[in-house]
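As you go down the protein sequences, you meet chains A and B in turn. Final position of the first sequence in my numbering is 131; the numbers increase by one with none missing. Final position of the second sequence in my numbering is 204; the numbers increase by one with none missing.
For the record, the hints were derived by calculation from the structure and aren't laboratory data. No false leads were mixed into what you were given.
Stretch-level coverage of chain B by chain A, calculated; a stretch enters the list once three of its residues show a Cβ under 8 Å from a Cβ in chain A:
1) 59–71
2) 76–89
3) 170–184
Under the rule of at most 25 Å between Cα atoms (straight-line distance), these lysine to any residue pairs were calculated in the SDA-like manner:
4) K51(A) x S30(B)
5) K51(A) x S66(B)
6) K81(B) x Y55(A)
7) K153(B) x V129(B)
Backbone N, C-alpha and C define an ideal beta-carbon position, used for all residues, glycine too.
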Amino acid sequence: MGKNLPIAPVEHPWATIVVLLVAAVVFGAIPLSLAWLWAKFVSPAKPGLQKNATYECGLEAKGDAWVRLDVSYYLYAIVFLIFDVEAVFLLPFAAAFSGLSLAACLAMLVFLLLLVEGLVWACQKGVLTWS
Amino acid sequence: MDQDLKTELSKHGIFATSFEELYNWGRRNSVWPLTFGLACCAIEMIATTMARYDLARFGAEVFRPSPRQADLMIVSGTVTKKMAPQVVRLYNQMPEPKYVIAMGACAISGGPFRDGYNVLKGIDRYIPVDVHIPGCPPRPEALIHAFMTLQDKISGQHLTGESRPRHLQRDLPSEFPVPEFGEHGLEPAQNNEIFPNPLKVLQG
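Chain A extracted, bound-state conformation (with noise of 0.2 Å):
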C-alpha cells in the first residue's frame, strides 16, 4: 500500500535561500562587468591629479584636519552639561518622582547640587551674562 502513495521530490530546506543568494550575486555581478568592459573597450578612464583629489569643492586642501581647539571652549562644555545633560537626567527623575526611596532621591539630590554649584560657579564667572 506504501508503494502507491505519491514520492515528494528530496529537497533540501535551504536550497531556496542558495537560489537566491546565486540571483543576488548575477544581479549585481552583471552591471559591474557591464561597466568594466565598457571602460575597457569604448570608454576609456582618464583618472588625473585633480580627478583624484579628496577635496572637491573646487578649492585645495590646505594644513591638517588634526587641529587643535581653543582651550576658552571648555567653559561651553561646561554650560552644555549643565543644561543638557541634567535635563536628560531630571526628566526621569521627574516621572518616577513619587515612587522612589528616600536613598535614590538624596542620591539625586546630590547629582543636581552638584550641577547646581557648577551653575553657580559659571555664573560668578560671568559666562550666563550676554555680551
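Let chain A serve as the given structure and place chain B on it in line with the hints.
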C-alpha cells in the same frame, strides 16, 4: 540603418534602433548639471529649474552639489580672475563625458565688465565650451534652448570613428591646466590648445 527603412518599419509597429542611438538617448535625457552659480545669471538658471519653466522636462532637474556626479557645468555669470582657477578645477573634477554651457555675455566674453581688471574675458579661454548663450542675463527660455542644443549635440555624437567625442578617445586629456596668479593676472592668459589666438586665426 537607413532612415527610410526605419520609418517604414515603424509604420508597421516595429521599432528599430542602434546601440549608439540607445546610448545617446539615455545620455541626453539624464544630463545632470552642477549646482554652481557665479552671478546674476544664476538667478535665471534657478528660475529655469523651478516649476514655471521646469527644466525637469528635459531630465536635467537633478543639480548635483558634487562635481563627481555632474555631467554639465553651466557657467552662469561673470567669471572673475579670482574664481577662474576654481572653475577650471571643478571642471577637471567632473567625470567624462562632461559638457559646458557658457551662459550670458559675461561667461562668453566678460560682457559689460570686460574692461575690468579682475574679469576673465570668457571662460572658453580655459575650458572647452559646448554651447554659448548670449544675453544679459539670458531668459530661462534661452537656457532651455541652449540645453536642447546640447541635447542635439549629444545625440549626434558617434561611438566609433575619428569624429567620436573626447571622452571616448584615449589620448585626449580629461583635465585642463589650472591657471595661476602671476604678476599681471592669470598665467597663462589662455589655454592655447583650446582657445586659438584671434590674430593667428585672422592671419590664417
